[in-house]
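Protein chains in written order, with the numbering used here: chain W, -13 to 761; chain C, 15 to 188; chain Y, 103 to 332.
Quick caveat, the hints were computed from the structure, so don't treat them as lab data. Even glycine gets a Cβ: it sits at the ideal position worked out from N, Cα and C. Check each hint, because a few of them may be wrong.
To give a feel for the contact side, a few chain C residues facing chain Y, derived at Cβ under 10 Å [what the hints assert, rightly or not]:
1. 43
2. 111
3. 130
4. 134
5. 137
6. 141
7. 142
8. 143
9. 144
10. 145
11. 155
12. 165
13. 166
14. 176
Here are the simulated distance ranges between beta carbons [claimed, not checked]:
15. Y:244 with C:95: 50 to 60 Å
16. C:42 with Y:134: 38 to 48 Å
17. Y:245 with C:28: 13 to 23 Å
18. C:181 with W:223: 46 to 56 Å
19. Y:116 with C:126: 15 to 25 Å
20. C:121 with Y:135: 39 to 49 Å
21. Y:134 with W:318: 54 to 64 Å
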Amino acid sequence: MNAWIQDLRMGVRFAFGGGREGWTRTLLTGVGVGLGVALLLVTTAIPSALAARDARADARSEHTAPQAAQPGRDTLLIGEADTRFHGADVHGRLLKPEGPDAPVPPGLTAFPGPGEMAVSPALKELLASSESELLRERLPYRQIAVIGDEGLIGPAELAYYAGSDTLKQIGGKVPRVTGFDNSAEPEPLDPVLTLLIVLVFTALLTPVAVFIAAAVRFGGERRDRRLAALRLVGADSRMTRRIAAGEALAGSLVGLVLGTGFFLVARQAAGAVDLFRISVFPADLNPSPALAALVALAVPAAAVAVTLFTLRGVVIEPLGVVRTAKSARRRVWWRLLPPLAGLALLYPMTGRGNDGGEFNQWQVSAGVVLLLVGVTGLLPWLVERAVARLGGGPVSWQLAVRRLQLSSGTAARLVNGIAVAVAGAIALQMLFAGVEGDYTKQTGQDPSRASLSVRANTGAGSPEEVAALTRRIGGAEGVAEVIQLTTTGLSPAPDSLEETTSLTIGSCAALRQVAQLDSCADGDAFILRGGFDDTNTDAVAKPGGTLYSGNVYGTEDGPPPVAWTLPASAKDAVSREDPDGTKRNGIAVTPSAAPKGLGDEQLATLYVRLDGSAPDALEHVRTAVRQADPLLSPLALQATKESERFASIRTGLYVGAACVLLLIGASLLVSQLEQLRERKKLLSALVAFGTRRSTLSLSVLWQTAVPMALGLALSTAVGLALGAMLLRMAYAPVVIDWVSVASMAGIGIAVVLAVTALSLPPLLRLMRPEGLRTE
Amino acid sequence: MSIGHTLLGLLESGPRHGYDLKRAFDEKFGHDRPLHYGQVYSTMSRLLKNGLVEVDGIEAGGGPERKRYAITDAGITDVERWLTQPEKPEPYLQSTLYTKVVLALLTGRSAADLLDSQRAEHLRLMRVLTDRKRRGDLADQLICDHALFHLEADLRWLELTGARLDQLAGEVRA
Amino acid sequence: MTPAGSLLIASGLHKAYGPTTALDGADFSIHPGEVVAVMGPSGSGKSTLLHCLAGIVTPDTGTITYDGRVLSAMSDRERSALRRTDFGFVFQFGQLVPELTCVENVALPLRLAGVKRREAERAALGWMERLEVDGLRAKRPGEVSGGQGQRVAVARSLVTRPRVLFADEPTGALDSLNGERVMQLFTEAARSANAAVVLVTHEARVAAYSDREIVVRDGKSRDMMQELSA
Chain W
-13 MNAWIQDLRM GVRFAFGGGR EGWTRTLLTG VGVGLGVALL LVTTAIPSAL AARDARADAR
47 SEHTAPQAAQ PGRDTLLIGE ADTRFHGADV HGRLLKPEGP DAPVPPGLTA FPGPGEMAVS
107 PALKELLASS ESELLRERLP YRQIAVIGDE GLIGPAELAY YAGSDTLKQI GGKVPRVTGF
167 DNSAEPEPLD PVLTLLIVLV FTALLTPVAV FIAAAVRFGG ERRDRRLAAL RLVGADSRMT
227 RRIAAGEALA GSLVGLVLGT GFFLVARQAA GAVDLFRISV FPADLNPSPA LAALVALAVP
287 AAAVAVTLFT LRGVVIEPLG VVRTAKSARR RVWWRLLPPL AGLALLYPMT GRGNDGGEFN
347 QWQVSAGVVL LLVGVTGLLP WLVERAVARL GGGPVSWQLA VRRLQLSSGT AARLVNGIAV
407 AVAGAIALQM LFAGVEGDYT KQTGQDPSRA SLSVRANTGA GSPEEVAALT RRIGGAEGVA
467 EVIQLTTTGL SPAPDSLEET TSLTIGSCAA LRQVAQLDSC ADGDAFILRG GFDDTNTDAV
527 AKPGGTLYSG NVYGTEDGPP PVAWTLPASA KDAVSREDPD GTKRNGIAVT PSAAPKGLGD
587 EQLATLYVRL DGSAPDALEH VRTAVRQADP LLSPLALQAT KESERFASIR TGLYVGAACV
647 LLLIGASLLV SQLEQLRERK KLLSALVAFG TRRSTLSLSV LWQTAVPMAL GLALSTAVGL
707 ALGAMLLRMA YAPVVIDWVS VASMAGIGIA VVLAVTALSL PPLLRLMRPE GLRTE
Chain C
15 MSIGHTLLGL LESGPRHGYD LKRAFDEKFG HDRPLHYGQV YSTMSRLLKN GLVEVDGIEA
75 GGGPERKRYA ITDAGITDVE RWLTQPEKPE PYLQSTLYTK VVLALLTGRS AADLLDSQRA
135 EHLRLMRVLT DRKRRGDLAD QLICDHALFH LEADLRWLEL TGARLDQLAG EVRA
Chain Y
103 MTPAGSLLIA SGLHKAYGPT TALDGADFSI HPGEVVAVMG PSGSGKSTLL HCLAGIVTPD
163 TGTITYDGRV LSAMSDRERS ALRRTDFGFV FQFGQLVPEL TCVENVALPL RLAGVKRREA
223 ERAALGWMER LEVDGLRAKR PGEVSGGQGQ RVAVARSLVT RPRVLFADEP TGALDSLNGE
283 RVMQLFTEAA RSANAAVVLV THEARVAAYS DREIVVRDGK SRDMMQELSA
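The following block holds chain W by itself, in its conformation from the complex (with noise of 0.2 Å):
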């Protein structure tokens, strides 16, 4: 135990007082572990940054605050007031407070007065920039205050509260609170999206830790020499295992300090930092001590494991180095058992997607780490098999394949990382392209019809209020047309309420909308055939019969129906999909045939068509709207709807593998340097009789590139097999997506063609005929 305590603190000691050599690899280790951990780091502390943000937006929501019926000493009312700028959500609320004891919002202090408002910092600097005009125009407040970060999902946030005087209650759009929260269960993931949560960590977290065992090997080639050396001295076999592993646990050290660095740069970073709309503060973004304390021992502990694992084939003489492993012919079998493993895992959770069953977690993440990892396995023995059947070719092809040959492990550890990754990537990517059917909703909406829609649902519903909206949104800049249907109940008798349908009132333009007509005249009405439900249809289609419209479903405070009369004419017309995707039923009637006095018992819905030469149209629209009535939320029209929390996870995704993909492109750089630096005096020589430098440049590149076409051919395999389990458990059609199968092999060539290009200029300087030079 005492020497094992000695020699490692004898390898501790070389890897900081070996002289500049020494600390360049130490730090060259440290910096790569450095970067792993503190992805790592980042990763654990994920789950709890975004638990505080949904913790704070719960804390300020009214969705579920207790209400009163009747304004009181602690009442509020306060009314949904958000807004979109630049396809930025801007959170706003409206707020009257009816008592002294009325609840102020978190992150406030005071309530805004009427006519003024407080804002979010991000807020405040947006309004402060010049390209927020439309923006202005629409909250024409004075601002009194900021709104404190207990009040703000994130530090990025848009969000305001301005105070009101004139807010009346209106159901659930202009509640009456006493207090705030939202008790709401969330709906709880389903067993897919845990999936591929799950996945989504455990394929971008295996290729960080080949990347932290590749990194503790940075300069290993000098440290066999420099055991090597140790030996000639007299130290035995063991002890130099012992200080390679004093060595390593120094690096790693080295690399979770500056791991915990990095973590805490980036965590400042982080509130700076606006990624796909999320933001988070650096407070939230905190590990959880677990999980940080497991990063802590699991990654020395791995460095450790790593050295002596690789050091298993190498007898360290005390006049150099003997590679073992290089007579024995790598065996296949053990090598396969991992990702059989893995598989066996996976194979009794296929078909579970569908019912509703519930995945383990942990037998899946156990199942595809062991899947990912068994690349790394395999990938050395396919590379060897492989290499050893090459021949042929020109010069610069010749010198890589039998450098291959000679090392070919050497070579496979260099893509181990990428070839991972790429594996993870493409199952994920088959998965989510299988079951992305499912959770991308195809919304019938028509952007080409119309491109928002404004719904008076605030009760200002009278037909002067929407008359004077639609002027004022006609009046906009960019707008080339706007559709008003007005819609009501219709019933074949006052109290009929289980035959009740629509009564939909337009113009014969807006009316051309809702159904195909033939002809139409203002003062004609139509009954609509193959609307969304026909049922009620022919209890109202009697043409000259009475009808009754209006407040059909008795509402108690309201005025009583409006008795009408269906014209004679009416004829019947085909119904078809207006702007928003629905097929409307009932009655379609112009304006002259309709119902009077109605009043506020009926609902106008405006279709607005932008003219898409105009910039910034859809800005003026909504600044017209905001201006109209601050309640109204105008909806824009898009054709297909994201869920959003797929569309979050696959946005972690491509930020992740990239990340990855980037860090792991650093190590090969890394190594190939490291490499190219052995044989200076070699290349020096090949210049010297007359190699042509394009010669050397090519076969660097061929040295890269075919263990890297090996790596992404294993990668490509295991990918495709693990997706195609996965979409069986998903209980999805196996579907490749050969389009996404070759981006993500795209990014693996584009690394290997980066880190070539960045290593041309040091081999071009290393060819330099001073390398000759002995003295």
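Based on these hints, arrange chains C and Y on the given structure of chain W.
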């Protein structure tokens, strides 16, 4: 080189005529200087007088070159003593070259030129020996190598002295 | 000897590496088929002279003429091509590509010059036979002795039938027996191929294989043969 011991050694394998002895000596050792008959005759008579060889027989016709010599036991002992006794290494302490260098320095002539032309001369001889070695058999090679190593030693001394000329000049003129 | 009829002529070569002056007015000329030793103490600029003569390093001032063409006026590409076709090289060590077999190493210059693999290796084997290392064809440089490796390197330097061979301490890493053998085979092969040899060495016994010697001291060269005959 002791000719007496060499001839005695040659006789150890069996009795020979004086003429045979000369031929054997020339063939094996006399690369540069063959023996004269006179040398063989005088050496053999000295050995005879000392009892190290004896006359094994005389062929008809008489004359000294017709005598067959055989080695005696005393002779064998003498050869053995000679072979086992190490040669005294040459001390090489009296060097003409050194003298020349010092004199050149004292008289203000160029010692470096002297050294360079000496090196050229040494190398010229070494080239000749190398050439001969290349054409010759193993005996030639060994003999030439012996000479080459000595010449090389001289050359090394020349290089070393060349590198220390300034220092030497300082000491000599002090 | 006049520079007329010379294959390779250098005059007034200066070369400095940073603050260190490696060559300070060196002159040199060599005739076809001639073996010239470049001698001098270590650090005297021998290797730099060789690198300049071979067009590996460009001198700061001075000119080098090979076969009537001025090296310093040629592009890097042209000089590389010249090194592939007209020059051969033997260094002290570390010149064989460790991954390639011996025969592949010897064939490498031919392959670089565009000769087909099979043909190149056949020619390589011929030279390996002459240097008595044809038994090592399938071995890798790591598996042969130092002397054998140098002989392989010599075979490689001759395989393109160069007009000038540059050898920088070719026996520097060998014991005297192996060194002698390498030198003997090397000079014999060079002479029979009528290749001129520029032989950098600090060992007199190696230099004795040359026809004449040039001494480099403090970056200046002295052609001893010219001075003696003058």
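Each hint, compared with the structure:
no.	hint	result
1	43	23 Å, violated
2	111	15 Å, violated
3	130	7 Å, holds
4	134	4 Å, holds
5	137	6 Å, holds
6	141	5 Å, holds
7	142	9 Å, holds
8	143	7 Å, holds
9	144	4 Å, holds
10	145	9 Å, holds
11	155	9 Å, holds
12	165	7 Å, holds
13	166	5 Å, holds
14	176	8 Å, holds
15	Y:244 with C:95: 50 to 60 Å	52 Å, holds
16	C:42 with Y:134: 38 to 48 Å	42 Å, holds
17	Y:245 with C:28: 13 to 23 Å	50 Å, violated
18	C:181 with W:223: 46 to 56 Å	50 Å, holds
19	Y:116 with C:126: 15 to 25 Å	22 Å, holds
20	C:121 with Y:135: 39 to 49 Å	43 Å, holds
21	Y:134 with W:318: 54 to 64 Å	59 Å, holds
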